[in-house]
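Colleague: In case you want the letters, here they are:
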Amino acid sequence: MSINNQSNFNCLISCVPTLITLNGAEMLFGRATLRLRSVHTLFVRWNGTLVVASHNNERLLPITLNTIAAAKMIGGDVTCLVLGKGCAKVAEEVAKVGGLTRVLVADDAAFHGFLPEQVAPAIVAAQNQFKFTHILAGADAFGKSVAPRVGALLNIQPVSDVIAIKSADTFVRPIYAGNAILTVKSLESIKILTIRPTSFEAVATSGGDAKVEKAPVVKAESGLSQFVEQKLTKSDRPELAGAKTVISGGRGMKNGDNFKLLYELADKLGAAVGASRAAVDAGFVPNDLQIGQTGKIVAPELYIAVGISGAIQHLAGMKDSKTIVAINKDPDAPIFQVADLGLVEDLFKAVPEMTKLIK
Amino acid sequence: MSLRVLVGVKRVVDYAVKVRVRPDHKWVVTDGVKHSMNPFDEIAVEEAVRLKEKKIVSEIVAVSCGPPQSQETLRTALAMGADKAIHVEVPAKDAELLSPIHVAGIIAKIAKDEKIDLVILGKQAIDDDSNQTGQMVAGLLNWPQATFASEIVQADGGLKVTREIDGGLEVIQVKLPAVITTDLRLNQPRYATLPNIMKAKKKPIDKKSPADLGVDTKPRLEVVSVDEPPVRQAGAKVANVEELVQKLKEAGRI
Numbered sequence: 001m002s003i004n005n006q007s008n009f010n011c012l013i014s015c016v017p018t019l020i021t022l023n024g025a026e027m028l029f030g031r032a033t034l035r036l037r038s039v040h041t042l043f044v045r046w047n048g049t050l051v052v053a054s055h056n057n058e059r060l061l062p063i064t065l066n067t068i069a070a071a072k073m074i075g076g077d078v079t080c081l082v083l084g085k086g087c088a089k090v091a092e093e094v095a096k097v098g099g100l101t102r103v104l105v106a107d108d109a110a111f112h113g114f115l116p117e118q119v120a121p122a123i124v125a126a127q128n129q130f131k132f133t134h135i136l137a138g139a140d141a142f143g144k145s146v147a148p149r150v151g152a153l154l155n156i157q158p159v160s161d162v163i164a165i166k167s168a169d170t171f172v173r174p175i176y177a178g179n180a181i182l183t184v185k186s187l188e189s190i191k192i193l194t195i196r197p198t199s200f201e202a203v204a205t206s207g208g209d210a211k212v213e214k215a216p217v218v219k220a221e222s223g224l225s226q227f228v229e230q231k232l233t234k235s236d237r238p239e240l241a242g243a244k245t246v247i248s249g250g251r252g253m254k255n256g257d258n259f260k261l262l263y264e265l266a267d268k269l270g271a272a273v274g275a276s277r278a279a280v281d282a283g284f285v286p287n288d289l290q291i292g293q294t295g296k297i298v299a300p301e302l303y304i305a306v307g308i309s310g311a312i313q314h315l316a317g318m319k320d321s322k323t324i325v326a327i328n329k330d331p332d333a334p335i336f337q338v339a340d341l342g343l344v345e346d347l348f349k350a351v352p353e354m355t356k357l358i359k
Numbered sequence: 360m361s362l363r364v365l366v367g368v369k370r371v372v373d374y375a376v377k378v379r380v381r382p383d384h385k386w387v388v389t390d391g392v393k394h395s396m397n398p399f400d401e402i403a404v405e406e407a408v409r410l411k412e413k414k415i416v417s418e419i420v421a422v423s424c425g426p427p428q429s430q431e432t433l434r435t436a437l438a439m440g441a442d443k444a445i446h447v448e449v450p451a452k453d454a455e456l457l458s459p460i461h462v463a464g465i466i467a468k469i470a471k472d473e474k475i476d477l478v479i480l481g482k483q484a485i486d487d488d489s490n491q492t493g494q495m496v497a498g499l500l501n502w503p504q505a506t507f508a509s510e511i512v513q514a515d516g517g518l519k520v521t522r523e524i525d526g527g528l529e530v531i532q533v534k535l536p537a538v539i540t541t542d543l544r545l546n547q548p549r550y551a552t553l554p555n556i557m558k559a560k561k562k563p564i565d566k567k568s569p570a571d572l573g574v575d576t577k578p579r580l581e582v583v584s585v586d587e588p589p590v591r592q593a594g595a596k597v598a599n600v601e602e603l604v605q606k607l608k609e610a611g612r613i
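Line order of the protein sequences matches chains V and X. The first sequence begins at 1 in our numbering and counts up one residue at a time. The second sequence begins at 360 in our numbering and counts up one residue at a time.
A couple of the hints might just be wrong.
Claimed, not checked - Only some residues are given here: those of chain X computed to face chain V with a beta carbon under 10 Å:
no. : residue
1   : Ser361
2   : Gly440
3   : His461
4   : Asn501
5   : Pro503
6   : Asn599
Unchecked claim - Straight-line distance between alpha carbons at most 30 Å, and here's what the computed DSS-like set of lysine-lysine pairs gives:
no. : chain 1 : residue 1 : chain 2 : residue 2
7   : X       : Lys377    : V       : Lys329
8   : X       : Lys474    : X       : Lys608
9   : V       : Lys231    : X       : Lys411
10  : V       : Lys319    : X       : Lys474
11  : X       : Lys596    : V       : Lys319
12  : X       : Lys596    : V       : Lys322
13  : X       : Lys519    : V       : Lys231
14  : V       : Lys359    : X       : Lys596
15  : X       : Lys608    : X       : Lys411
16  : V       : Lys234    : V       : Lys211
17  : V       : Lys234    : V       : Lys244
18  : X       : Lys596    : V       : Lys349
19  : X       : Lys596    : V       : Lys268
20  : X       : Lys566    : V       : Lys319
21  : V       : Lys166    : V       : Lys185
22  : X       : Lys560    : V       : Lys166
23  : X       : Lys596    : V       : Lys244
24  : V       : Lys234    : V       : Lys96
25  : V       : Lys89     : V       : Lys322
Unchecked claim - Taking beta-carbon pairs under 7 Å as the criterion, some of the chain X residues facing chain V (in silico):
no. : residue
26  : Leu457
27  : Gln494
28  : Leu535
29  : Ala570
30  : Ser584
31  : Asp586
Calculated directly from the structure, the hints in this document are not laboratory data. Ideal placement from N, C-alpha and C gives every residue a C-beta, glycine not left out.
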């Protein structure tokens, strides 16, 4: 690793006092050894973090702001990499985000559709040039697809779905559908992490003035894969992952038409609508509304579970919500064990009544 | 097409079991707990079998890395329709520290040795919830990847795969050889029938070690601790909708 620019060097200097304290024990060794060890430690301990932005070429996705927050907890410089086709506007948006040192932009037709075959080698190229100690991406469909591929290319084992950062090498993540919390120390030279957005407060979208630079150009093998089309679920309601209030329906909704009861209530509350796996499997609503271990993870201020029993897999996706309300006619449904407020009643009576009361 | 398919299957604690943290806080209790095939892997096997039934696939090889009991999982895959199996045996105590990068290295090597055209894996194992192995296999082999697949069709000399993404669905076209990881909506796995379970007993299971495949299983991560998640305070039941709405208003939630 070489000191290849001024900002790296400044960072090294600013790290010195901490490092000496950290390595206090080494005072026992001879002066020369101390100096050598410290210099070595300096390089190892310098934290430069790369955040790979999630965006849609139009705007930055909120998950990136949570991921930057996680990066800032690691300490050191934070660089954000924006890869896309026609993503100049997003790069400008990112430059204004607080706390970034640098924004790297790679605007190229090759990144159309954000295919991991193209994106991963570009991240590796940025890594090879700047020698980051950490590479972070949000734990969304994009980050989950790309981060492990980057790991394979760099021969690094990534850590998925991080919910807390204990130190530069020790991270916390849920396992077994959130029924156990694993604290894990990465023994790798580069830490590759995906970040669970609901566990980190988003950074401000203004106040920053980062330098925008071109990312290193890389020629990945083309033709391995091709983007064909996207079929996105259109909705005027807030996005599930970032909504302050979420109303979810389960098998108890009986059919897709009945979901309109939830939509009416959701519109009153400005809420997003989600679903359990049972409701998705039965075809009541599209898959991207599924909340749970293998669907979306939400942690809104208010979560209203309607006609949902509360299987382990569903709880994994919503049990960090601030207030949980359950409406279910079965008083023994497991959802009542996590609900702050439970109402044992037929949802077909309770939901319209609630909608009326909130008018 | 006459593709050779490799499916990865993992033996995990059954999805319906509520796991408990081990007293030494180094993992969860797995001894004496019901295990079964990872649900996403059942979907992977089912898809491979369906592709064989459509004459797109000629042979299905199932692979599992883990302790001797992983052979039961491989037998299940054989009973569902896999043709042969490879068990990469890892002693139980090392299996806990086996990371996706190790498994990906093993699968990538087998894919090359067996002249595989398509690797199908589950999108994630429901024990460590990593969601990494398929992407890593694709990265190691420099093959295209189609993650979170909900539909696979033959098209233009390759495969057209519908993927489940955050805002809906996405369709991509991949060249072969490729790696696909399965989402829940891809199919409904079949139950193995008794005659097929009997037949599966005669199908071959090759035994190998990671070292045979040139994969170093030195740990890349160290378990500091495993803890119970914070327990939520038990809540209260309300008598009716008025009370519910009133309580939510008082709490400032609505």
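Colleague: Indicate, hint by hint, whether the structure satisfies it.
Modeller: Verification of the hints:
1. Ser361: violated (21 Å)
2. Gly440: At 23 Å from the nearest chain V Cβ, Gly440/X fails the 10 Å test, so the hint is violated.
3. His461: holds (8 Å)
4. Asn501: With a minimum Cβ separation of about 7 Å from chain V (threshold 10 Å), the hint on Asn501/X holds.
5. Pro503: This interface hint holds because 4 Å falls under the 10 Å limit.
6. Asn599: Interface hint status for Asn599/X: holds (7 Å vs cutoff 10 Å).
7. Lys377/X with Lys329/V: Since the Cα atoms of Lys377/X and Lys329/V sit roughly 24 Å apart, the hinted pair holds (cutoff 30 Å).
8. Lys474/X with Lys608/X: Violated. Lys474/X to Lys608/X sits at ~64 Å, over the 30 Å cutoff.
9. Lys231/V with Lys411/X: Satisfied, since the Cα-Cα distance of roughly 29 Å is no more than 30 Å.
10. Lys319/V with Lys474/X: Violated, at about 45 Å.
11. Lys596/X with Lys319/V: Since the Cα atoms of Lys596/X and Lys319/V sit roughly 18 Å apart, the hinted pair holds (cutoff 30 Å).
12. Lys596/X with Lys322/V: Distance ~17 Å between Lys596/X and Lys322/V Cα, so the pair holds.
13. Lys519/X with Lys231/V: Judged against 30 Å, a Cα distance of about 15 Å means the pair holds.
14. Lys359/V with Lys596/X: Roughly 23 Å between the alpha carbons, so the hint for Lys359/V and Lys596/X holds.
15. Lys608/X with Lys411/X: Violated. Lys608/X to Lys411/X sits at ~58 Å, over the 30 Å cutoff.
16. Lys234/V with Lys211/V: violated (35 Å)
17. Lys234/V with Lys244/V: holds (19 Å)
18. Lys596/X with Lys349/V: holds (17 Å)
19. Lys596/X with Lys268/V: Within the cut-off at roughly 23 Å; holds.
20. Lys566/X with Lys319/V: violated (42 Å)
21. Lys166/V with Lys185/V: Status holds; Cα separation ~9 Å.
22. Lys560/X with Lys166/V: With Cα atoms ~49 Å apart, Lys560/X and Lys166/V exceed 30 Å; violated.
23. Lys596/X with Lys244/V: holds (23 Å)
24. Lys234/V with Lys96/V: Cα-Cα ~29 Å, so holds.
25. Lys89/V with Lys322/V: It is violated: about 35 Å lies between the C-alpha atoms, which goes past 30 Å.
26. Leu457: violated (11 Å)
27. Gln494: holds (4 Å)
28. Leu535: Violated: closest Cβ of chain V sits about 10 Å from Leu535/X, beyond 7 Å.
29. Ala570: Status violated, d = 18 Å.
30. Ser584: holds (5 Å)
31. Asp586: holds (5 Å)
Checked against the numbered hints above, the structure violates hints 1, 2, 8, 10, 15, 16, 20, 22, 25, 26, 28, 29; every other hint is satisfied.
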